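Residue numbers (the numbering used here), protein chains in the order written: chain U, 493 to 795; chain R, 1006 to 1326; chain P, 1249 to 1796.
Calculated directly from the structure, the hints in this document are not laboratory data. If you're wondering where the values come from, they're calculated on a predicted model, not measured in any experiment. All C-beta atoms in this analysis are idealised placements derived from N, C-alpha and C, irrespective of residue type, glycine included. Misleading hints may appear alongside valid ones.
[What the hints assert, rightly or not] Negatives, chain R to chain P, calculated, CB over 10 angstroms:
#  : residue
1  : Trp1039
2  : Val1060
3  : Tyr1061
4  : Leu1152
5  : Thr1213
6  : Ile1241
7  : Leu1265
8  : Ser1267
9  : Val1284
10 : Met1285
11 : Ile1291
12 : Met1293
13 : Asp1322
[As the list claims (entries may be wrong)] List time: in silico DSBU-like cross-link candidates among lysine-lysine, alpha-carbon distance up to 30 angstroms:
#  : chain 1 : residue 1 : chain 2 : residue 2
14 : P       : Lys1484   : R       : Lys1083
15 : P       : Lys1769   : P       : Lys1794
16 : P       : Lys1459   : R       : Lys1181
17 : R       : Lys1059   : U       : Lys717
18 : U       : Lys629    : R       : Lys1181
19 : U       : Lys602    : R       : Lys1181
20 : R       : Lys1063   : P       : Lys1763
21 : P       : Lys1489   : P       : Lys1608
22 : R       : Lys1314   : U       : Lys602
23 : P       : Lys1320   : R       : Lys1181
24 : P       : Lys1416   : P       : Lys1459
25 : P       : Lys1770   : P       : Lys1343
26 : R       : Lys1080   : P       : Lys1769
27 : U       : Lys717    : P       : Lys1682
28 : U       : Lys717    : P       : Lys1313
29 : P       : Lys1313   : R       : Lys1063
30 : P       : Lys1714   : R       : Lys1080
31 : P       : Lys1484   : P       : Lys1345
32 : U       : Lys734    : P       : Lys1682
33 : P       : Lys1785   : U       : Lys629
34 : P       : Lys1345   : P       : Lys1714
35 : U       : Lys717    : P       : Lys1484
[To be verified] Stretches of chain P that chain U covers, calculated by requiring three or more beta carbons in the stretch to come under 8 angstroms of a beta carbon on chain U:
#  : stretch
36 : 1344-1350
37 : 1418-1432
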Amino acid sequence: MKKKKRAINAISIPVEIIFHIIMILFCLACIIPFIFVVIISFTDQESIRQIGYSFTPVAWSLEAYRYVVRLGDQLWRSYFNSFFITVLGTAISMLVTIMYAYALYRRDFKYRKFFTFFCFFTMLFGGGLAPTYVVCKTVLGLSDSYAAIIVPMLLNPFNLIIMRTFFQSSVPAELIDAASIDGSGEYSTLFRIIIPISKPGIATVGLLTALAYWNEWFIPMLYVKDAKYIPLQYLLMQMQTKVDFLVKNSSMIGAEASNIMNSLPADSLRMALVVLIVVPIAFAYPFFQRYIISGLTIGSVKG
Amino acid sequence: MSATVQTKKKEKMLSSAGIKTILLTSMVLPGAIWFFLLRYLPMAGIILAFKNYKVYTKDPTFWNNLIHSKWVGLKNFKFLFSTSDSWLYIRNTLAYNVLWIILGLVVAVAFAIILNEITQKFVAKTYQTLMFFPYFLSWVVASYFVLAFLDPTRGLLDHYLTSHGMAAVDWYNEPKYWPWILTICNLWKNIGYSTILYLAAITGIDTTQYEAASIDGAGKWQQIWNVTLPNLRPMICILLIMNVGKIFNSDFGLFYTVPLNSGSLFSATQVIDTYIYRVMTATNNIGMSTAGGLLQNLIGFICIMIANKVVTRIDEDSSLF
Amino acid sequence: MKKKVISCILAASMVLSMTACGKSSSTTADSTAAASSAQDSTTAASGDGAAADSAATAESVDVSKLEPVTLKMYFHGSNVTDDSQTMEAVNSYLKEKLNVTLEPIWGTWGDFDTNSVLSLQGGDDVDIYFTSSWSADEYNKFARDGYWVRLDDPENNLIQKYAPELWKTLPQVLINGATINGSDGCGVYAVPGYKDIATQNCWDVNVTKLKELGYTVDDIKNADYYTFGDILKKAKEKYGKDFYPLLVEGAVLERMVDNSIIVTGDSGTGNFMSYYINPDDLTQPSSYGNKILNKFATDEFRKFAEQTRKYYEAGYIDPAMGNANQANDTRSSKQLTGDYLIGTQSYSLGYELQASQERKIEVAMVPTTDPYVDTTSSQGAMMAISTASKNPERAMMFLNLLNTDPYLMTLLNYGVEGVHYNLNSDGLVEFTDKRSDYQPWTNGMGNVTILTPTADQGADFWTGFKSYYGEAKQIPILGYAYDATNTETQMGAVANVVAEYMLPLCTGTVDPDEKLPEFLKKLEENGINDVLDDANKQLDAYMAVKGE
Chain U
493 MKKKKRAINA ISIPVEIIFH IIMILFCLAC IIPFIFVVII SFTDQESIRQ IGYSFTPVAW
553 SLEAYRYVVR LGDQLWRSYF NSFFITVLGT AISMLVTIMY AYALYRRDFK YRKFFTFFCF
613 FTMLFGGGLA PTYVVCKTVL GLSDSYAAII VPMLLNPFNL IIMRTFFQSS VPAELIDAAS
673 IDGSGEYSTL FRIIIPISKP GIATVGLLTA LAYWNEWFIP MLYVKDAKYI PLQYLLMQMQ
733 TKVDFLVKNS SMIGAEASNI MNSLPADSLR MALVVLIVVP IAFAYPFFQR YIISGLTIGS
793 VKG
Chain R
1006 MSATVQTKKK EKMLSSAGIK TILLTSMVLP GAIWFFLLRY LPMAGIILAF KNYKVYTKDP
1066 TFWNNLIHSK WVGLKNFKFL FSTSDSWLYI RNTLAYNVLW IILGLVVAVA FAIILNEITQ
1126 KFVAKTYQTL MFFPYFLSWV VASYFVLAFL DPTRGLLDHY LTSHGMAAVD WYNEPKYWPW
1186 ILTICNLWKN IGYSTILYLA AITGIDTTQY EAASIDGAGK WQQIWNVTLP NLRPMICILL
1246 IMNVGKIFNS DFGLFYTVPL NSGSLFSATQ VIDTYIYRVM TATNNIGMST AGGLLQNLIG
1306 FICIMIANKV VTRIDEDSSL F
Chain P
1249 MKKKVISCIL AASMVLSMTA CGKSSSTTAD STAAASSAQD STTAASGDGA AADSAATAES
1309 VDVSKLEPVT LKMYFHGSNV TDDSQTMEAV NSYLKEKLNV TLEPIWGTWG DFDTNSVLSL
1369 QGGDDVDIYF TSSWSADEYN KFARDGYWVR LDDPENNLIQ KYAPELWKTL PQVLINGATI
1429 NGSDGCGVYA VPGYKDIATQ NCWDVNVTKL KELGYTVDDI KNADYYTFGD ILKKAKEKYG
1489 KDFYPLLVEG AVLERMVDNS IIVTGDSGTG NFMSYYINPD DLTQPSSYGN KILNKFATDE
1549 FRKFAEQTRK YYEAGYIDPA MGNANQANDT RSSKQLTGDY LIGTQSYSLG YELQASQERK
1609 IEVAMVPTTD PYVDTTSSQG AMMAISTASK NPERAMMFLN LLNTDPYLMT LLNYGVEGVH
1669 YNLNSDGLVE FTDKRSDYQP WTNGMGNVTI LTPTADQGAD FWTGFKSYYG EAKQIPILGY
1729 AYDATNTETQ MGAVANVVAE YMLPLCTGTV DPDEKLPEFL KKLEENGIND VLDDANKQLD
1789 AYMAVKGE
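Based on the sequences and whatever the hints tell you, model everything.
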């Protein structure tokens, strides 16, 4: 049955071949730089100095990874922190986002316009770095804890509005009327009926949120001093910014700077850090993707 | 008797409407509290844009400093317009944004439809995963890759050109190529992100609509035109509106890092964020940077309001609010 | 309607945040009142002895009468993962000496600039900050904005009361360089660190290659930038098309050739302001007098740019040197591979030995002037007391101790003897593996000359150090830093113009005949003359005050 439907509905073969060609070309453009990054991360520093970045380096080296592994326990601790922050942060963030977005989606919600504006306004206007820092640190007391990393980036008005839009395009208004006639409460409608049929949207926004948590290094830099809570991205970013800073200010810092710089495999290290960050999240990606490209099964639920 | 039943029913209706409002409000509340604490409270800092921030030495907390600093009116905004380059960076910022909003929309929607139509789902998933990779790479890393191609002495492209008897191009000193290079870089990095949004929206489309269309005898292209695109409309409109809000913002990393901060390229690479950044390295005045940000957002706000009005005219359901 | 909503929200948020801050300020006000009354008592206590001036040193403060105090101190550039053993030793020592507990905040190269500035702007409870002429919490500007406590305030002279010894050990040039116009008038707002305080620009010569070409270092010494042509030509012929003999940092090259120096206060703008030193006698003004000029409008600059263009077109300068972001990376990698003939370098003592080892070639440094002290270099590393500090007196006592007590200095810098380092038979420091857990940035810690020398440095290291840096001459305008408050708009515009033209002109990647007039015209359009007039007015005023 399904197969038949697909066959009827499929595009013609020549068109599909063209589609494949376009996609393959674009995907090559996307993946080659990453392969390049991986190659450089294994390149000997001496080779980079001689011939620059190249797909075919003169000499290979594990020095960059060795340098990172020397962080020892801190590295694994930070890996754990990153996972913990990403999972917990995404879960809480999604819960709050979905509830807020769902209420905004409900046309019969009395304060819909107000709360939409309340959220949207923050997308454009903010107090800036210093006032936000002061509020977080002194008013809310966020420092040196997991909360200090999770809370400041809990909501993103952009994601929230995207979520609302997903509800709009995948949840028919009649469904809610039907549920309310059946006597389903607001919360149970949301959790039992709406969420299951909005999986593609939730998975997408969830993915974006998880990526944001995983990639964040600036907020930990501001609010976390204790090495116990430092996530991976910040740990690696510290190395990166150190290298950059020393290169830029070497004349001011003097001999010590050039000492430190020469002991660093600066270029390959930079790339190795990218690899270490990207690989775990790339593995987590298919989990979300299952819901984003899921073929034809969803329609039947709506009936 | 029937009258009393009716009034009772009405009462019940009323109270259930009240309960509904309360319940829905309770759903919004956690988020609203967060917005209030973390976004609205710090907004008091916006007045920095109109002040000359100095320390109140008797008790230097941020709020005290803020209150006791002198008002300077619009002085902090002056730097944005007093330069001979104002027109240049305004033009660049707006032109790149307009071009990229349109281009990004067309390409992302096309890619989403292509991915959706490819029959081997596994292949489609692979494409989609690969497409997302550039999003992981920071502009700094991307700039190394661009450099590997364009390096004036040992780049791949100049190597190719010279070995084929053509003259090498000094890419980092020739502004005329950079609108193209920047456009390609921008598409390359951001398309995966918006494609996934459209793709998820397509996946969420009720398949019975396609079945109905195909029973009516609509071909694949007609289905795309008559079913897919109309269903994508809310997403397209929302993303458009939100992108329009960033019309006076620019991706600092792209314009600063990828051209390697090369001075000779300014006519093609100077945008508002790079301009403000360079001013800040010279003055480091928190009032001026706040003023710059405020102006960007005000312009974005006005543009969003206009865009939203237009969209509301055309299709109320797709508007932002 | 919508406007109303916005204004309501804005108003509400402001009102609320005002009340929030009202509350917090009242509580902090209470605590500062308490603190200041405590201060009063301590000052009163030491006030008796203060009449005896220098006799009332930190040593003479009766420790038993001091309240226990925790001092937070923000360091720059540290690489510290485990400070527990060191801090235990430091704090037990400090407890006994000053009844102080030190709580260091180990800023790293990467995070210091953002975090320290936020911490200052937010009024965080930190007592002492690292500051300098080049870090983001720039000494001069932050002193003007009121972030630092004036240390020699006539009404409460902390230096006189608590740090007279320290003031005696510092070279006069450092004190002169630290004396600036701040929020409380002309005075000292931070303790300058005694480190490599002089500037000396040198030609960094690859002697190995030079000998291969049949020249000696003397040939470089006897030549100057305008007569390098023959040597460079020979090198290019010998080593081929991909060899770029002149390895230059555009801005440094220009300063070396034209004898101009950095004027503190415009570092973010690519230093368009220039003061010309007199290479024959550094303590005297040059033929331009004590004036700040637009460096690009001088004849020197035109001549320099034209010569550089010739060298560039002859293939002596790598085109990569023309883009700001690529230049630094390329330069350091070419230095390390010895892939150059003549480079530019701002010198620090012992650099040629270190460079020879690293690059595995023979490196010689050929200075273009004698070492001199200018405002920027004298303010290379400093410690300032924040106006948010509740215990500025104790902070001053601590800084005095740190900069005069070799035991404390060595402990805080090198860690614990027997753990982070051992002393060898000559009494010199040899680091252990543990040192990698505890590596603060030595030059950022204050008076490094009281450290125990390391085995690499040799026993006489600090004697040589003091004689080299201690004898460096001060330029006439030492201590002057430009205050851009009145010309911020112009500074911003000029910064953008300079970023566009300067580096390409200083590395020859563009043609000066075409670009230089364009550049000068744009500079004038954007108000460079307002800035220069203002700067010269300030300089005259400063020189007048200084002359008194």
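Cross-check of the supplied hints:
1. Trp1039: At roughly 14 angstroms from the nearest Cβ of chain P, tryptophan 1039 of chain R sits farther out than 10 angstroms, so the non-interface label holds.
2. Val1060: violated (3 angstroms)
3. Tyr1061: violated (8 angstroms)
4. Leu1152: Violated: least Cβ distance 7 angstroms, not greater than 10 angstroms.
5. Thr1213: At roughly 39 angstroms from the nearest Cβ of chain P, threonine 1213 of chain R sits farther out than 10 angstroms, so the non-interface label holds.
6. Ile1241: Per Cβ check, isoleucine 1241 of chain R is outside 10 angstroms of chain P; nearest 24 angstroms; holds.
7. Leu1265: violated (4 angstroms)
8. Ser1267: For serine 1267 of chain R, whose nearest Cβ neighbour in chain P is about 4 angstroms away, the distance does not exceed 10 angstroms, so it is violated.
9. Val1284: Answer for valine 1284 of chain R: violated, closest chain P Cβ roughly 3 angstroms.
10. Met1285: violated (8 angstroms)
11. Ile1291: violated (7 angstroms)
12. Met1293: violated (7 angstroms)
13. Asp1322: Nearest chain P Cβ is 20 angstroms from aspartate 1322 of chain R, so the label holds.
14. P:Lys1484 with R:Lys1083: violated (50 angstroms)
15. P:Lys1769 with P:Lys1794: Status violated; Cα separation ~35 angstroms.
16. P:Lys1459 with R:Lys1181: violated (44 angstroms)
17. R:Lys1059 with U:Lys717: Since the Cα atoms of lysine 1059 of chain R and lysine 717 of chain U sit roughly 27 angstroms apart, the hinted pair holds (cutoff 30 angstroms).
18. U:Lys629 with R:Lys1181: violated (47 angstroms)
19. U:Lys602 with R:Lys1181: violated (54 angstroms)
20. R:Lys1063 with P:Lys1763: This hinted pair is violated, its Cα atoms lying about 51 angstroms apart.
21. P:Lys1489 with P:Lys1608: Status holds; Cα separation ~23 angstroms.
22. R:Lys1314 with U:Lys602: holds (21 angstroms)
23. P:Lys1320 with R:Lys1181: Violated, at roughly 53 angstroms.
24. P:Lys1416 with P:Lys1459: violated (48 angstroms)
25. P:Lys1770 with P:Lys1343: violated (60 angstroms)
26. R:Lys1080 with P:Lys1769: holds (25 angstroms)
27. U:Lys717 with P:Lys1682: It holds: about 21 angstroms lies between the C-alpha atoms, which stays within 30 angstroms.
28. U:Lys717 with P:Lys1313: violated (34 angstroms)
29. P:Lys1313 with R:Lys1063: Cα-Cα ~26 angstroms, so holds.
30. P:Lys1714 with R:Lys1080: violated (48 angstroms)
31. P:Lys1484 with P:Lys1345: violated (63 angstroms)
32. U:Lys734 with P:Lys1682: Holds, at roughly 21 angstroms.
33. P:Lys1785 with U:Lys629: It is violated: about 42 angstroms lies between the C-alpha atoms, which goes past 30 angstroms.
34. P:Lys1345 with P:Lys1714: holds (28 angstroms)
35. U:Lys717 with P:Lys1484: violated (52 angstroms)
36. 1344-1350: violated (count 0)
37. 1418-1432: With 0 residues close enough to chain U, the hint is violated.
The structure does not agree with the numbered hints 2, 3, 4, 7, 8, 9, 10, 11, 12, 14, 15, 16, 18, 19, 20, 23, 24, 25, 28, 30, 31, 33, 35, 36 and 37 stated previously, though it agrees with the rest.
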